[in-house]
Amino acid sequence: MFSLPYFLIYFAFNLFPVIYTFFISLTDWNGINERHFIGLSNYKELLANDPNFWKAIGNTVIMYCGYFPLNMILGLILAVCLHSALTKGRRFLQVAYFLPYITTPVAIGLIFSLLFDKSVGLINRILAVILPSFEAIDWLGTPVLVKLIVILIVFWRFGGYYTIFYMAGLSNISPDIYEAADIDGANVFQKFFKITIPQLKQTMIFLFITGTIGSLQMLEEPMLLVSGWSSQSVAVGGVDRSVLTAVWYLYDTSFSTTNNFGKGSAISYLLFLIIAILTLVFLKISNRKEKTA
Amino acid sequence: MKARKLKSFLMTFVLFLCSLMFIFPFYSMFMMATYKTENLYSSIPVYPSVYAVQNFKSVISGGFLHYYWNSFYIAALVGIGAVFLSALTGFALTMYDFKLKKLLTMIVLISMMIPMQCGLVAFVLEMRVLGWTNSHWGLIIPYMAYPFGVYWMSQYLKTALSPSLVESARIDGCRDFMIFIRIVLPNIKPAIITLLMMSFLLSWNNYLVPLILLNKTSVFTLPLGIKSLGSAFRVDHAARIMGLALGTIPIIILFSIGSKYFIRGLTAGAVKE
Chain P
27 MFSLPYFLIY FAFNLFPVIY TFFISLTDWN GINERHFIGL SNYKELLAND PNFWKAIGNT
87 VIMYCGYFPL NMILGLILAV CLHSALTKGR RFLQVAYFLP YITTPVAIGL IFSLLFDKSV
147 GLINRILAVI LPSFEAIDWL GTPVLVKLIV ILIVFWRFGG YYTIFYMAGL SNISPDIYEA
207 ADIDGANVFQ KFFKITIPQL KQTMIFLFIT GTIGSLQMLE EPMLLVSGWS SQSVAVGGVD
267 RSVLTAVWYL YDTSFSTTNN FGKGSAISYL LFLIIAILTL VFLKISNRKE KTA
Chain E
-14 MKARKLKSFL MTFVLFLCSL MFIFPFYSMF MMATYKTENL YSSIPVYPSV YAVQNFKSVI
46 SGGFLHYYWN SFYIAALVGI GAVFLSALTG FALTMYDFKL KKLLTMIVLI SMMIPMQCGL
106 VAFVLEMRVL GWTNSHWGLI IPYMAYPFGV YWMSQYLKTA LSPSLVESAR IDGCRDFMIF
166 IRIVLPNIKP AIITLLMMSF LLSWNNYLVP LILLNKTSVF TLPLGIKSLG SAFRVDHAAR
226 IMGLALGTIP IIILFSIGSK YFIRGLTAGA VKE
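As they're listed, the protein sequences go chains P and E. The opening residue of the first sequence carries number 27 in the working numbering; numbering runs sequentially from there. The opening residue of the second sequence carries number -14 in the working numbering; numbering runs sequentially from there.
Treat the hints as calculated values from the structure; they're not laboratory data. Treat the numbers as computed from the prediction; the structure is a model and nothing was measured. Watch out, some of these pointers could steer you wrong.
To be verified - So, partial list: chain P residues that the calculated Cβ filter (under 8 Å) puts toward chain E:
id: 1; residue: P43
id: 2; residue: Y69
id: 3; residue: S110
id: 4; residue: L119
id: 5; residue: P131
id: 6; residue: V132
id: 7; residue: F181
id: 8; residue: Y204
id: 9; residue: L250
id: 10; residue: Y277
id: 11; residue: L297
Unchecked claim - Facing chain E, according to a computed beta carbon distance under 8 Å, are these residues of chain P, among others:
id: 12; residue: G115
id: 13; residue: A194
id: 14; residue: L304
C-beta: ideal position from N, C-alpha, C; glycine also.
Using the sequences and the hints, build the whole thing.
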């Protein structure tokens, strides 16, 4: 059968690890010692006694609340403007907005650590020129600020991504609807809120799901950001673990600081569980809305 | 008419200003890459300096080309393999009727939802058992199975390929695999280009798995190479920035050329008619 090669590879390297990881998550394996079956202890431990796990999830949620609404709203505004017939040079602008998304995340983390470094960072140097009595800000060494910068990075990186999806959605709206609204004398805002937004519902659901899943998988941006430009010492999760993310914690637990495969596997399954629940809940809610509307 | 022109100009201008926000970090990086380390921090780099070639040479002599090559051939093989397998599987799932068809289609759909990190631990252990650590096999073979690719190819084939065409070729005595090569593949060129770009990019930007699997610099891919710039050029910051800049250029060029195809592929999943 023609589909055989694909499914063979898929089962061997994708499905099998996913299932096997679940079994590992029920053990206390560290790769060297003998494995012991310990049931759900890893999960209990993570949920009840592990401040780092909650910190990682909390960080993700806080940062998500920072950039996601920004991306959703500004992405829509940018897309509507770009879509407008008034705009010239659409192709150039589209590519410009989209560049950060395709750039290697590792490079992005480093570019921003170059910008925000305390002693040699460009931002501090520009501020020093503008403000005479300026004292260098330790952007990456202050928990609140470093979170803000990660928010900025993610917003910057995905701005074009959201814009492009909105534009694809916009180009699917039939111009007839707008013409009809024009005849009825609707103004710009009425058209925007009564036609554009409802018509983009499908797109918004998609962006919500991919945006949320993507946030929970965040790793490179904070990791490379705090690995620092002038220093090479990497504190796991940045200062005070303020930008530790779930995947970073998973990596650190299983392959870096410790080799606790059991616990690492449990982290990845909890992460998966959160993603699955969020997706299902959101799909449910959006379906119900559709029925009542 | 005049008001419309003014509006148009204003709108374009504001959008252009926004685009500067997206470009600024790249711009400052490219500018700094042309400075000499001693002068790097003495002024704000608005315009390029003259030290680009020397920085370029130091980066190249640091073995950077090697990372390029590694990343390139891995991503190219992944791209070609993923496109081929996706098209083949998509072909099978749309043009044939067989017992497991429903189940297999379901598996493809569900697998798009499962994040790769979910099986990470066992995946790495599997690679260790196979002896694929510090080798590129683990970055190539598994990534050839690209669930989104199969989904996308199936969708595309449903509209692009009529069953009667396949049927008539079969009546003419064409073997099924030859139908795939001679008739299906030439008919889906746009889909192939899009998918090639997407899977190439995915492999090129992959960081976590190479980070775990590879620990010898000779097998490093570009993201690992970029990361290791810090230890390679501890003092020569300008060369480090040049390396960073070089690491981002190929994708920028590739994307600028093929943005139309890429965007179409990316948004295809979201907009269902």
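Consistency of the hints with the structure:
1. At about 3 Å, the closest approach between the beta carbon of P/P43 and any beta carbon in chain E falls short of 8 Å, and the interface hint on this residue holds.
2. For P/Y69, the interface hint is violated, since its Cβ never comes within 8 Å of a Cβ in chain E; the closest pair sits about 15 Å apart.
3. Restraint check, P/S110 versus chain E: the minimum CB separation of about 7 Å is within 8 Å; hint holds.
4. Using the Cβ-Cβ criterion of 8 Å, the hint placing P/L119 at the interface with chain E is satisfied: the shortest such distance is roughly 5 Å.
5. Interface restraint check: P/P131 against chain E, minimum CB-CB distance 6 Å, threshold 8 Å, status holds.
6. Taken as an interface hint, P/V132 checks out: its beta carbon lies about 4 Å from the nearest beta carbon of chain E, inside 8 Å.
7. With its C-beta approaching chain E no nearer than about 10 Å, P/F181 sits outside the 8 Å limit, and its interface hint is violated.
8. Interface hint status for P/Y204: violated, as the beta-carbon distance to the closest one in chain E is roughly 17 Å, over 8 Å.
9. Interface hint status for P/L250: upheld, as the beta-carbon distance to the closest one in chain E is roughly 7 Å, under 8 Å.
10. Hint status for P/Y277 relative to chain E: holds, with the closest Cβ pair at about 7 Å, below 8 Å.
11. Residue-level restraint check for P/L297 holds (minimum Cβ-Cβ distance to chain E is 7 Å; threshold 8 Å).
12. Among the interface hints, the one on P/G115 holds; its C-beta lies about 6 Å from the nearest C-beta in chain E, closer than the 8 Å criterion.
13. At a threshold of 8 Å, the smallest CB-CB gap from P/A194 to chain E is about 4 Å, leaving the interface hint in force.
14. Taken as an interface hint, P/L304 does not check out: its beta carbon lies about 12 Å from the nearest beta carbon of chain E, beyond 8 Å.
Hint violations for this structure: numbers 2, 7, 8, 14, all remaining hints satisfied.
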